[in-house]
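The task is simple: from the sequences and hints, build the whole structure.
Listed in order, the protein sequences are those of chains L and E. Our numbering applies: residue 1 is where the first sequence begins, and numbers increase by one. Our numbering applies: residue 1 is where the second sequence begins, and numbers increase by one.
Do not take every clue at face value.
What the hints assert, rightly or not - With a straight-line Cα cutoff of 27 Å, these simulated BS3-like cross-link-like pairs (lysine-lysine) come out:
| hint | chain 1 | residue 1 | chain 2 | residue 2 |
| --- | --- | --- | --- | --- |
| 1 | L | Lys14 | E | Lys200 |
| 2 | L | Lys193 | E | Lys200 |
| 3 | L | Lys14 | E | Lys182 |
| 4 | E | Lys204 | L | Lys192 |
| 5 | E | Lys45 | E | Lys186 |
| 6 | E | Lys7 | E | Lys182 |
| 7 | L | Lys189 | E | Lys200 |
| 8 | E | Lys182 | E | Lys22 |
| 9 | L | Lys14 | E | Lys235 |
| 10 | E | Lys18 | E | Lys227 |
| 11 | L | Lys192 | E | Lys200 |
Stated by the list, open to error - For the chain E half of the interface with chain L, some residues (derived, Cβ under 10 Å), not all of them:
| hint | residue |
| --- | --- |
| 12 | Val51 |
| 13 | Ala53 |
| 14 | Ser55 |
| 15 | Ala58 |
| 16 | Ile60 |
| 17 | Gly68 |
| 18 | Val73 |
| 19 | Glu87 |
| 20 | Gly198 |
| 21 | Pro205 |
| 22 | Ile208 |
| 23 | Ser210 |
| 24 | Leu211 |
| 25 | Gly321 |
| 26 | Leu323 |
| 27 | Phe327 |
Hints listed in this document are in silico derivations from the structure and should not be mistaken for laboratory results. Treat the numbers as computed from the prediction; the structure is a model and nothing was measured. In this text, a Cβ means the ideal position worked out from N, Cα and C, and glycines have one as well.
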Amino acid sequence: MAVVFDRTQGLAEKQFHYCPGCTHGIIHRLVGEVLEELGVLGDAIGVAPVGCSVLAYDYFNCDMHEAAHGRAPAVATGIKRVLPEGVVFTYQGDGDLASIGTAEIIHAAHRGEKITTIFVNNAIYGMTGGQMAPTTLIGQKATTAPYGRDAVDTGMPLRMSEMLATIDGAVFVERTTVHNVAGIRKTKKAIKKAFEVQLAGLGFGIVEILSTCPTNWGITPVESLKWLEENMIPYYPLGNFRTPEEGK
Amino acid sequence: MDKVLMKGNEAIGAAAIKAGCKHFFGYPITPQNELPEFMSRELPKIDGVFVQAESEVAAINMIYGAAGTGARVMTSSSSPGIALKQEGISYLAGAELPCVIVNISRGGPGLGGIQPSQADYYQSTRGGGNGDYRHLVYAPATLQEAVDLTIEAFDIADYYRNPVIVLGDGMIGQMMEPVEFKEPKKRDLPDKDWTTTGTKRNRKPNIINSLALDPAELEKHNIKLDKKYKTIEEKEVRHEMYKMDNAEVVLVAYGTTSRIVKNAIDALEEEGISVGLIRPITLWPFPYKAFAEIPNTCKALLSVEMSMGQMIDDVKIANEGKLPVHFYGRSGGMIPTPEAIMEKVKEIWGGAK
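And the structure:
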């Protein structure tokens, strides 16, 4: 029988621990496929975060380095500066990247580090049990915002891509979604582009991917996809914010 | 090689380069600034890399990443900056990565001051990071010793796959002395087969990690680390004994303070008072066994530090309750004078009669 679909070589033969309906699995697969298709698996060094994807080091079929919470871009900087020919990426959630690791991500972009960041934004702290993140939407309930997030006390949700797009060194910045097939396809294209920018030595690239967390949102996987579309996309508009071709 | 006159911070940088360190990640803080400045000037000349990080936290995490590739890497800072690096030091120890961290320490607590101090003894030897971990701490007393120990620190770090701290107070960083860059003794170092340099598709992926969610697995890891630390305690402890024969009072001091103490000991000798010195060169492991060699003429111990008394805890552990243990210290960047130390010794000596 002809094989029509196979596991990408970019992923190890290991079962994910992710909750039902979580989109980390899709995003892992896309990153693995891109690394395989670009033929860079043997040169890739991934940096795993702290958060739900803390065990990403077990899932990618390449050398991996587990960072402290928020520090992945600094760890990736250290790796890339020793190995300029290496293909270095960080995989980070919104608590990791948009809260405790804001300094590290901004300055990796600011220095124009030739690394790729996969930023998974599900508007909540997943692993620790659903606490409020800087990306949690107004009115959204979290275990540390039991009455819903209130802008007066906690500010407005942070738009990381827009902020990073103001930095010259961030040469590729795009926000995508994986809540539907079209979004998944666009996400893969964006991930590929972000790695190509690194391979061309142009600077820092990041793809912010809107993702679901049915467990901590307290709704079903199907409802989660709908919630993402109806609530996250209006506040976090999809699209490209920076690309090396701009101005041409 | 001839001796050259150098400032301490620069001599430590040159020693690191001599040891094969081509990657340095740092952040400005007084009184260690000449070290990153030196590296930013010299490393590009040898195809090396200097990165000024956005913070000490970022710098130590760059070290964490770079060390994972197997490169010889170094960062430096001063007391409050080293406090910020403790997170990374714990991860480096947990993931068993070699690196060298230089602390040109200053007065504390908090922002403290910028003058020399030895108030980071606890921070250095007890660890400010979380978990059961240890790392070697070298405490040079001269610039030549700072150079020799920095060069050796890279080998020791590689040999044990562990961070090593070189702790110099502000005087070590700022003063000038003639130094010589000698070839280090050859050491058989283990292959670095654990590095994250890309699999090239011809081996299984390597993972640098300090996480172990299974408690049994984590305990096993801690037992393995502990075994390594016990080997370091056994093999790498270093100290100097000075004028211990017939000493009636034995002083304990490290770093630049030990040089002032030696002056005091020499002056006391001329007055007919026999005083000796135990100078720990490694603060961890601490030379506990050296205290067994204290002559039975000795009536008391005196710990002299540029702090309010931190190493004295180890002196008391080493002493095992046998002799009275006294303390003399200055803090905040104030430096003890030989006269004040002599006076303290006479007070103890008189009382001990």
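Hint check:
This hinted pair checks out: Lys14/L and Lys200/E have alpha carbons roughly 21 Å apart, not beyond 27 Å. For the hint linking Lys193/L to Lys200/E, the alpha-carbon distance of about 22 Å falls within 27 Å, and the restraint holds. With a C-alpha separation of about 51 Å, the suggested pair Lys14/L and Lys182/E falls outside the 27 Å cut-off, and the hint is violated. Restraint check for Lys204/E and Lys192/L: satisfied, since their Cα atoms lie roughly 24 Å apart, inside the 27 Å limit.
Of the supplied pair hints, the one linking Lys45/E and Lys186/E holds, its CA atoms being roughly 26 Å apart against a limit of 27 Å. At roughly 17 Å between alpha-carbon atoms, Lys7/E and Lys182/E fall within 27 Å of each other, so this suggested pair holds. Distance hint between Lys189/L and Lys200/E is fulfilled; the C-alpha atoms sit about 25 Å from each other, no more than 27 Å. Between Lys182/E and Lys22/E the CA atoms are separated by roughly 18 Å; this keeps the pair inside 27 Å, and the hint holds.
Taking the CA atoms of Lys14/L and Lys235/E, the gap is near 42 Å; set against the 27 Å cutoff, the hint is violated. A distance of roughly 31 Å separates the Cα atoms of Lys18/E and Lys227/E; the hinted pair therefore is violated under the 27 Å criterion. For the given pair, Lys192/L sits about 20 Å from Lys200/E by alpha-carbon distance, which is consistent with the 27 Å threshold. Satisfaction of the interface hint for Val51/E is found here, the shortest Cβ-Cβ separation to chain L being roughly 6 Å, below the 10 Å cut-off.
With a least beta-carbon distance of about 7 Å to chain L, the hint placing Ala53/E at the interface is held under the 10 Å criterion. Here the hint on Ser55/E is kept, as its CB sits about 6 Å from the closest CB of chain L, short of 10 Å. Nearest Cβ of chain L to the Cβ of Ala58/E: about 4 Å, under the 10 Å cut. The hint holds. Given hint, Ile60/E at the interface with chain L, holds; its Cβ is 8 Å from that chain's nearest Cβ, closer than 10 Å.
Of the supplied interface hints, the one on Gly68/E holds, with its beta-carbon coming within about 5 Å of a beta-carbon of chain L, less than 10 Å. At its closest, the beta carbon of Val73/E sits 7 Å from a beta carbon of chain L; the interface hint therefore holds under the 10 Å criterion. Taking 10 Å as the C-beta cut-off, the interface hint given for Glu87/E holds, the closest approach to chain L being about 6 Å. Taking 10 Å as the C-beta contact cut-off toward chain L, the hint placing Gly198/E at the interface holds, the least distance being around 4 Å.
Proximity of Pro205/E to chain L holds as hinted, the smallest CB-CB distance being about 5 Å (cut-off 10 Å). For Ile208/E, the suggested interface contact is upheld, since its CB lies about 4 Å from the closest CB of chain L, less than 10 Å. A least Cβ separation of about 7 Å between Ser210/E and chain L falls short of the 10 Å threshold, and the interface hint therefore holds. Using the Cβ-Cβ criterion of 10 Å, the hint placing Leu211/E at the interface with chain L is satisfied: the shortest such distance is roughly 6 Å.
Evaluation of the Gly321/E hint against chain L yields a violated restraint, the C-beta minimum of about 41 Å exceeding 10 Å. Checking Leu323/E against chain L by beta carbon gives a least distance of about 44 Å; that is not within 10 Å, so the hint is violated. Given hint, Phe327/E at the interface with chain L, is violated; its Cβ is 37 Å from that chain's nearest Cβ, farther than 10 Å.
Checked against the numbered hints given earlier, this structure breaks hints 3, 9, 10, 25, 26, 27; the rest are met.
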